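Undergrad: Chain by chain, the residues:
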Amino acid sequence: MADRKPPQDKEPGLGAKIAGFGVTFGTMFRKIETEQYPEEKRPTQLRFHGRHQLNRHPDGLEKCVGCELCAWACPADAIFVEGADNDDAAGERFSPGERYGRVYQINYLRCIFCGLCIEACPTRALTMTNEYELADDNRADLIFTKEQLLAPLQNGMLAAPHPMVEGMEERDYYQGKVSQATPEQAAWMDQRERELAAADAAHDGKDPA
Amino acid sequence: MGIEEKLPAGFLLTTVEQIAGYMRKSSVWPATFGLACCAIEMMAVGTPDYDIARFGMERFSATPRQADLMIVAGRVSQKMAPVVRQVYDQMPEPKWVISMGVCASSGGMFNNYAIVQGVDHIIPVDVYLPGCPPRPQMLLNAILELHDQIQNSKLGVNRVHAARAAEKAALEATPTHAMKGLLA
Chain A
1 MADRKPPQDK EPGLGAKIAG FGVTFGTMFR KIETEQYPEE KRPTQLRFHG
51 RHQLNRHPDG LEKCVGCELC AWACPADAIF VEGADNDDAA GERFSPGERY
101 GRVYQINYLR CIFCGLCIEA CPTRALTMTN EYELADDNRA DLIFTKEQLL
151 APLQNGMLAA PHPMVEGMEE RDYYQGKVSQ ATPEQAAWMD QRERELAAAD
201 AAHDGKDPA
Chain B
1 MGIEEKLPAG FLLTTVEQIA GYMRKSSVWP ATFGLACCAI EMMAVGTPDY
51 DIARFGMERF SATPRQADLM IVAGRVSQKM APVVRQVYDQ MPEPKWVISM
101 GVCASSGGMF NNYAIVQGVD HIIPVDVYLP GCPPRPQMLL NAILELHDQI
151 QNSKLGVNRV HAARAAEKAA LEATPTHAMK GLLA
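Going down the list, the protein sequences come from chains A and B. Numbering of the first sequence is given in full-length UniProt numbering, commencing with residue 1 and proceeding in unit increments. Numbering of the second sequence is given in full-length UniProt numbering, commencing with residue 1 and proceeding in unit increments.
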């Protein structure tokens, strides 16, 4: 078998070899498709599943009612929620209605960004952003707490806790009758701030440690 | 006092550490350690679309002895664990580990007897990268994070001191089982 040579066609000429380099040469003039990642970030698709966000009503009250449906829906057990009662008398109203999410944690080292929590959420409190830069050097910092997940305050919003808009019920919030925080709510916030400052001052005077 | 005060910072007075850090971070050679679906995204980072060669990392080596960085991409099963450890041990110092994806980082959604609940049970991890799987940009982001760590790593005596300090801090920290409160 060793003496049998493979059938040889005509040796390709020099022209064919140079023509092969033509492909290489031509590629130099083609548009570069590489995404220059850290400098130029290509936007994700609008529906990309990124980091979560806890939304707010237009007056700044939180939408989360602490029902834990997201935690139940989560296939990876990445979400931990603990609800608590809103208490108007004590000045602790975080959401319209009865309950709010007192503790909200998402473990991003378990979360698989499937979006089942978003589907489960009955008040659209939990949605996903397009943010994806989450790498970190330890496990503890990748458990995001409520403060990190809450949406930033937009124009016309006041940070919870504060009372609901005067004369509105929980239902009115979902029917879009609340458009922004009212002066009454702002006044309540101011008064609470003064009270807290006064309490602090009294505490400092009483306990000169 | 002298000329060093007149010069802009970091122009002439970069320490040897900084130079070494720059050299190291500019040509990190990854060892291929694709274990599952995350490996597909890791391969995508090598394509012209994302082009990991921009960071001097295009040489994915199949030999751990010629690699500095282990990208553990995918769930590590109990059966694979000794292999991961052996490959890590075969890599020469200095070496780094990126735990790519939630499965490698913490077991992810596979909270069961077959999967190691986080590759940091077997090998020290430098950067944890969430995502299932992480998109190529997320891996590049993790690599840049690692570059930061490499750039600021210490050498020689400083390295020993840093390691001692880290160990002391770890020993003094409250162990997880003794922590009170929320630890979801």
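Keep in mind that the hints are not guaranteed to be accurate.
As the list claims (entries may be wrong) - Looking from chain A toward chain B, a few residues come up when the C-beta cut is under 8 Å (computed):
{"hint": "1", "residue": "38"}
{"hint": "2", "residue": "40"}
{"hint": "3", "residue": "75"}
{"hint": "4", "residue": "109"}
{"hint": "5", "residue": "110"}
{"hint": "6", "residue": "111"}
{"hint": "7", "residue": "112"}
{"hint": "8", "residue": "113"}
{"hint": "9", "residue": "116"}
{"hint": "10", "residue": "135"}
No wet-lab data here; the hints were simulated from the structure. Computed from a predicted model, the values in this text were never measured in an experiment. Even for Gly, the Cβ is constructed at its ideal location relative to N, Cα and C.
Undergrad: Let me make sure I understand: some of the numbered hints might not hold for this structure. Which ones are they, in numerical order?
TA: 2, 9
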